[in-house]
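Engineer: Residue numbers (the UniProt record's numbering), protein chains in the order written: chain A, 1 to 355; chain B, 1 to 447.
No wet-lab data here; the hints were simulated from the structure. A portion of the hints provided could be inaccurate.
[Said to hold, decoys possible] Now the in silico label distances, taken between C-beta atoms and shown as ranges:
id, chain 1, residue 1, chain 2, residue 2, range
1, B, Gly-44, A, Ala-348, 37 to 45 angstroms
2, A, Leu-331, B, Gly-44, 58 to 66 angstroms
3, A, Leu-23, B, Pro-219, 57 to 65 angstroms
4, A, Arg-167, B, Thr-395, 45 to 53 angstroms
5, B, Asp-99, A, Asp-174, 38 to 46 angstroms
6, A, Asp-174, B, Pro-217, 37 to 45 angstroms
7, A, Leu-331, B, Asp-318, 32 to 40 angstroms
8, B, Gly-285, A, Leu-101, 29 to 37 angstroms
9, B, Thr-395, A, Leu-101, 17 to 25 angstroms
10, B, Glu-68, A, Ala-31, 51 to 59 angstroms
Just so it is clear, CB atoms sit at the ideal spot from N, CA and C, and this is done for glycine as well.
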Amino acid sequence: MTTIQDDILATGPAASIPSGSTLLRIAVIVAGLAIAFGVVPAIATDYWLSSIIIPTIVMGLAGISLNLLQGYAGLVSLGSAAFMSVGVFSAYNLILRVPGLPLPVVLLLAGLITAAVGIFFGLPALRIKGFYLGASTLGAQFFFQWLFTNYPWFSNESQSLTISAPRLVVFGYDLQSPVGRYLLVATVTALLIGLAFLVVKSRLGREWMAIRDMETAASVLGIRVARRKLQAYAVSSFFLGITGVLWGFAYLGTADAYTYNLDKSFQVLFIVLIGGTATIFGNFLGAAFIVLTPILLDHLVLAANVAYLSDQGAITNLQRVIFGVIIIFILIKEPDGLSAWIRRGVEALQTRFRS
Amino acid sequence: MSILSKSIALAAGAIVAAASLIVPAQAEDGAGQQLYPLFTYRTGPYAPSFIPFGAGNIDYLRYVNEVEGGVNGVKILIQECETAYTIERGIECYERYKDGYNGALTAAIYPHSSGLDVALTDKARIDKVSIVSPGGGQNIATDGRVFPYQYPLIFDYWSEAQIIVDYIAQQAGGYDKLKGVKIATLYHDSGYGRDTIEPLGILAKKYGFEDIQIPVPHPGEQQQAQWQQIRRAGADWVFLRGWGVMTPVAIKTAARVGFPVDHIIGDIWSGSEDDARPAGAAAKGYLAVSVFPPGTDYGILKTLKENVLDKGKSDLKDNSKFGTVYYNYGVIEAITFVEALRTGQKKFGNKPLNAEEGQWALENLNIGQNRIKELGAEGLISPLKTSIDNHKGETIAAKIIQWNGESWDTKTDWIKADSTLFADVIKEKAAAYAAEKGITPREAASN
Chain A
1 MTTIQDDILA TGPAASIPSG STLLRIAVIV AGLAIAFGVV PAIATDYWLS SIIIPTIVMG
61 LAGISLNLLQ GYAGLVSLGS AAFMSVGVFS AYNLILRVPG LPLPVVLLLA GLITAAVGIF
121 FGLPALRIKG FYLGASTLGA QFFFQWLFTN YPWFSNESQS LTISAPRLVV FGYDLQSPVG
181 RYLLVATVTA LLIGLAFLVV KSRLGREWMA IRDMETAASV LGIRVARRKL QAYAVSSFFL
241 GITGVLWGFA YLGTADAYTY NLDKSFQVLF IVLIGGTATI FGNFLGAAFI VLTPILLDHL
301 VLAANVAYLS DQGAITNLQR VIFGVIIIFI LIKEPDGLSA WIRRGVEALQ TRFRS
Chain B
1 MSILSKSIAL AAGAIVAAAS LIVPAQAEDG AGQQLYPLFT YRTGPYAPSF IPFGAGNIDY
61 LRYVNEVEGG VNGVKILIQE CETAYTIERG IECYERYKDG YNGALTAAIY PHSSGLDVAL
121 TDKARIDKVS IVSPGGGQNI ATDGRVFPYQ YPLIFDYWSE AQIIVDYIAQ QAGGYDKLKG
181 VKIATLYHDS GYGRDTIEPL GILAKKYGFE DIQIPVPHPG EQQQAQWQQI RRAGADWVFL
241 RGWGVMTPVA IKTAARVGFP VDHIIGDIWS GSEDDARPAG AAAKGYLAVS VFPPGTDYGI
301 LKTLKENVLD KGKSDLKDNS KFGTVYYNYG VIEAITFVEA LRTGQKKFGN KPLNAEEGQW
361 ALENLNIGQN RIKELGAEGL ISPLKTSIDN HKGETIAAKI IQWNGESWDT KTDWIKADST
421 LFADVIKEKA AAYAAEKGIT PREAASN
C-alpha cells in the first residue's frame, strides 16, 4: 500500500525541519480555514448550506471516524450508525437532564460516552477477526435500535420516540440559522480533523498501522496489541458520537433510532471505500460523492426535462442504477479511492514544476 | 496516467455540461403560477403505496389546470422531488422548493412522511413555510398557537382510537355496555404504533372497557405468540395498527388461531386494498377505519375518469388502481390544497399565494357540506374547518369499511370524533413543548 509509505514519510524529517513543503502545508491549512470560515458562509445560499454542504461535511466526518478504525487500525465495523445514535441520544439527555451544560461540553461528553460504548463493543476484537468481527459490530447496530425503541426514557417519553434538536446556543450565540449550524459543524469538524491528524501521526497511529499490516510482527516488536485495538475503537467511537450529534442536531433537526440504521452504516463504509482507506481528506471526497451524485442526477433530469418522456418512477430507478454503476466503475478503476486520484494529480503537478 | 487524466477530463466535462443544462432551465419562467412541490417516493420500500397516491394528486391537479383553467385562472406547477421516503432526501427537497421555483410561488409543502414532518418543524418555523400532513401529522400540532406552520389536517391517531371505541360501543348497544368488553390493540412497535396507547388508556378509564396493548416488532412477519396472547386474554375486539406486511400476516394468523375476522378493525394504514388482498380468503369480513373511502362512484372520481383517465392523461400506469384507498387519498389531499388556494385568493386576490398567505389560508380553511357537494366529493370527504386553535380541523370524522373479498364496502356513515375530548391533553403537551423550545404561544384571537 502506497498510503502507508506516504504516512511514514510525512512524519519523517520533513515534519520537524521547516521546509518548503511545511510552509506549503501551513499555507494550505490557512487557505482552507479562510475558505471554510470566511468565503463559504458569505456566499453560500440557505439551500447549499442546509442540504448540501452541512450533510457532506458531517458524512465526511463520519468517514474519518470509521477510517481511523478501519483504514489505520485495520479493524472492521458495520455499526458506525449505532455509535452515531449513541452520541445523539447521549447529547439529548445531557441537555435535558443537566440544565445549563454548555454545548461544547455536551459534545465532548457525548463523544466520551460513545467512546466507552465503543470500547465495550470492541472487546470481541481481542479474540476474533475480519468477517466475524464485522458480525459482532453488527450486533451494536441492532442492540441500540432495540434499546432506543423499547425504552422511551431515552427520548424523554416522546410518543413518537423521536427526539427534537434542542436550541443550539454557544456562548450566548444562537446557531439556529443555516449559517449558524454550518459554523458549528465547520468548527467541530476542523477541530476533529486536527485531532485525527495528531492521532494518526502519533505513536498510537503508527502502532495501529503496524498492527494492521502484520499483527504478529507488531506484537513481537512489543506493541501492546489488545490495548491499541481497544483504543482504536474508543477513538473512532468518540468521533462517531460527535458526528451523530451533528447529524441529528445541526442537519436533520430530529433523530430517532431508525435515522441511524444499517443503511447509514453502509453509507459510511462506502464513503471510506470510495474516498480511500487510510486518508483523512479522502473521506470528504467520498461523502461529497455519496451526497451530491444523487442530487446532481436529479437536477440533470430536471434540467433536461425528460420527465415527461418517460415514467417518473423509472427515471428515479434509472438514477439509482447510474449511481451504482459509477460506484462500481470507481472501485474497479481506482481501488484506492478518489483520494488516490487527487494525490497522483498533485504528484504529477509537482514533477512538472520540478523539471 | 493517460486513462486517469482522460476520465478526469470526462468527469469535468460532464459537470460543465450539467451546469450549462441547469442554467437555461432556470430561465424558464414560472411567474404567475402556483408551485406544488410533490414529494415522491417512487422508489424504496413504500413505493407501492405512493404510486396510486401520487397519481390521485397529479390527476386532480391536472384536471384543475386543464379543464377548469387553474384555480381562478392561476395554473398549478407540479414539481416532483424524490425522497425515497428518507428524511435526508426530503430535507433537500424542502430546501429546494421552500422559496418557490423560477418565479412560481410556494404556498405550502406536503412532506408525505410523518418523520419528515417532525424533522421540518424547526425549519418551517424559521422559514415561515406551512407543512401539511393530511392523516399523518403530529397530533400535538393541532394546537396552532404553538405550531403556526404545522397542519396535521383531516385526521390523527387519537381521534382514530376514539372512533374505534365509538364503533364498538355502537355494536355493543351503547357506551354503558362497554364495561367489561376487552379491546386488544395489536400495534406496530414504533412511534406510529405507540401513538394510540395513551388515548386508549384515557378512554378505558372513562368507559370501563379492558385495554390490552400488544406490540409487534417491525416488520411483523411473525405474530403467532401475539395472537395466542389475544386468544388467552379472551379479547372481544382487536384494533390492528399495522404497517406494510404486518397487516396481512395479522389477518392470516388470526384465522389460524380462530379469531373472527369481522371483529378485527384495521387502522387507516391497514385499510387499503394492498393490506387486505394478500391475506386471501381469510380477509373476507375484515373491517378498517377509513378517512379516504375507496370507490369510483363519487362525482369527482367520475369527472376525473372522463377528463383525465379516459383521455390517457392519468399518472396511473395501472388503471385498476383508480378509486383505491391510496388513489382517493391523493385526490382528497389535492382537494385540500386547491381549496386552501381558493380560500387565500378570496382574501389576497386571484393570484399565486406566497408562504405567508398560504399559512393564513390553511388556518382559515372551511370546506363545508355545500362546497363538498359542488366538488362532487360527497361521502368522499367530511367537512373540514380549521382555526388557530385547531389545525387538524374541528369536525373530523372517519368511516368503517369492510372487505368483501374483492374490494371494500362502506359499512357506516361518517363517525365524528369529539374534538373536545383530548383537547386539554393536547394543549398541555403543546405547552410543554413550547416551554422546552422557548416559544411564546400566539393568542387564538390574534388574526
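Engineer: Could you run down the list of hints and mark each one as holding or not?
Structural biologist: Okay, the hints, checked on the actual structure:
no., hint, result
1, Gly-44(B) to Ala-348(A): 37 to 45 angstroms, "holds, 42 angstroms"
2, Leu-331(A) to Gly-44(B): 58 to 66 angstroms, "violated, 24 angstroms"
3, Leu-23(A) to Pro-219(B): 57 to 65 angstroms, "holds, 58 angstroms"
4, Arg-167(A) to Thr-395(B): 45 to 53 angstroms, "violated, 36 angstroms"
5, Asp-99(B) to Asp-174(A): 38 to 46 angstroms, "violated, 22 angstroms"
6, Asp-174(A) to Pro-217(B): 37 to 45 angstroms, "holds, 40 angstroms"
7, Leu-331(A) to Asp-318(B): 32 to 40 angstroms, "holds, 37 angstroms"
8, Gly-285(B) to Leu-101(A): 29 to 37 angstroms, "violated, 57 angstroms"
9, Thr-395(B) to Leu-101(A): 17 to 25 angstroms, "violated, 46 angstroms"
10, Glu-68(B) to Ala-31(A): 51 to 59 angstroms, "holds, 58 angstroms"
Checked against the numbered hints given earlier, this structure breaks hints 2, 4, 5, 8 and 9; the rest are met.
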